[in-house]
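A.B. asks: Here are the chains, one letter per residue:
Protein chains: 2
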Amino acid sequence: MTIKEIAKLANVSLGTVDRVIHKRGKVSKQTEKKILEIIEKVNYTPNIYARGLVLNKQYRIYALVPQFSQGQYWEMPVKGMQSAATNLHQFGIKLELLYFDQNAIASFNNAADELLKDEPDGVILAPVINFEALKLTKKLKEANIPFVLIDSLIQNSEPLSFIGQDAFQSGRLAAKLLCTEINLKGSISIISIKNNENYNSTLQQRIEGFKDYITNSDFMDQISLNESHIQVGSLDMQKAIEKAVGLKGTTAGVFVPSSMIHYVAAFIDQRAEEFSNLKMVGNDLIPNNIKYLEKGTINYLIGQRPENQGYFALSSFYKHLVLGQAVAEDIYLPLDIITQENLKYYRNNFQYNF
Amino acid sequence: MTIKEIAKLANVSLGTVDRVIHKRGKVSKQTEKKILEIIEKVNYTPNIYARGLVLNKQYRIYALVPQFSQGQYWEMPVKGMQSAATNLHQFGIKLELLYFDQNAIASFNNAADELLKDEPDGVILAPVINFEALKLTKKLKEANIPFVLIDSLIQNSEPLSFIGQDAFQSGRLAAKLLCTEINLKGSISIISIKNNENYNSTLQQRIEGFKDYITNSDFMDQISLNESHIQVGSLDMQKAIEKAVGLKGTTAGVFVPSSMIHYVAAFIDQRAEEFSNLKMVGNDLIPNNIKYLEKGTINYLIGQRPENQGYFALSSFYKHLVLGQAVAEDIYLPLDIITQENLKYYRNNFQYNF
DNA sequence: TTGTATGCGTTATCAC
DNA sequence: GTGATAACGCATACAA
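Which chain is which? The protein sequence lines are F and U, in order.
For the first sequence, the positions run 0 to 353 when numbering that gives the first Met the number 0 is used.
For the second sequence, the positions run 0 to 353 when numbering that gives the first Met the number 0 is used.
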């Protein structure tokens, strides 16, 4: 059903119908009512092709994400965004990536200023520097620029959409897997490894979830926990890992709540005979982690579909801006359990439906 | 870059450019070459909106799938197809579902005849009646109708695309999970439950994978296996399950390679005190299975994203017919490991990117 | 308050 | 061989 046909049914011109559809006024109450009734009755939906053709709009979406080296976590969401950009290019969606240094607030603010100056049609924001990100979301609200949060949520920021994971539950899942592997007893080391100095709510929630699972289990008194925090690049990193892992033979399992379990795995791997029975659970399918999963040093990795997160982030704007559809407020991606046996179909197998 | 602009660059009319693009001939070699060079250089891609508007084509895709009751496996792929149909409706893709009885070859052939008569633009085929499906694929080839296979593959049928899972690896994964749960020793019952009499290559491959994993493990001599086959609806089904599970206290684990582990779980659940330590691994997130996963009777379910399979099946045709893009030959979906701890984000969380 | 005309980029038809 | 042109459905500027 076209506007023309509706116009004929209502005995008016298509200009009048158009005015009603776009609420441009200058239509008598009476005819407006008649037209609305017809539109309702025939369940009119505009032809997306004709609409896209005449509007011919370009939508510029800016993504503000941490800079990364090859093989690091943020490569994956960015890959997803770029893949979406390729698919959505033909619908006028254009992606512009801005990177900032997680350890330099100034670099974040510079990127934020550039972004605000360019007045994009939408923003994808990875709020790893929480406080500064909050300030940016307020400015975006003022400027009436919709934004999507990826990875972690800023409370009360009212994004168009949040896309991420349930970090607490991810920690519980890690605990379940590790406890099963160590046969519900022994000493566990939680080793939090980061490459920046920011407060990281995701890691914190994973650790809390991990502890929660054990605390509420019926084998709680068979398990002992200790927790360490390590900064990548610090001078005594190797020593810190050695200390965190604990004495040979006494530690049954290791949990690393970040994507950086490969540092611990490398250490364990060098002393394979000493730690032959140590079980390890970590997060994220980055190449270094995959290597040790394949080797058997790491037993389980928990994935959170970062490429999909990136893809969804951009396609939310497609839905919102191009199709005018409502988008889901919160998208929590599944927590995938990856082992040697199902690894193959998680890596390099990022399919996009369309 | 538009055709008009290319025409200007080549000093010809847009009609000539169009003839070159669509290989309609009647263009001199010389001008053709010049135009192709320009197209190459400016990386021309047609405007999808203008194209869609003028072509205004409707594509009818027929899906031939087993009929099902609510809560059965095939509900999930169909749900995915319908969801894709909603999204792709605006691009002229229309889905027509044809159902057949898995136990009645005639019903399959009736549906196949209806399908061939209607001459659809594409076919989605679930080849659960293998031999008849093979015949249909040959007729589709003759009629030049592209088809996508879903769930299981027909050798040498040359589909546009196959969408499914690696059933052998799924079996290996199940073995890994079950063996870990039973602490690498004990007696395992493989119980194959079906609601039809067809040869099912998927189940067979899962069983082979399961055995393969154990046979190649270093704890092989600690494990004993036995295998049973049960038909749903047979008079002695309860007795058969009881016999298959084995004597109380002697069986450590149960593996059901189909989606029907809930029948066994229901039996075990009734005698919870006798089988308190029995571990169970099955397939597919259907409601009945989820119930026993939540209760703890089932320890792991392996998912294969059936909704995504359905979604991909239809969107393959969108890519092929509407966008004219190449589509992936084989899409193997990840084998998801689902436990109580990550169930929440797998159920009712079927997100569609776009 | 209402109707008409123009153009978006592509396809396909027709005249030259 | 080639160029001109109508049509697709919608949005909008402008005329009435």
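Be aware that a few hints might be false.
Which copy? The list can't say, so a pair holds if one copy fits it or any two copies do.
[To be verified] Within a straight-line C-alpha distance of at most 16 Å, the following computed EDC-like cross-link-like pairs (lysine to aspartate or glutamate) qualify:
1. Lys193 x Glu157
2. Lys242 x Glu226
3. Lys3 x Asp268
4. Lys343 x Asp329
5. Lys137 x Glu74
For the record, the hints were derived by calculation from the structure and aren't laboratory data.
Model, not experiment: these values are computed from the prediction.
A.B. asks: Does the structure break any of the earlier hints, and which numbers would those be?
C.D. replies: Violated hints: 1, 3, 5; rest satisfied.
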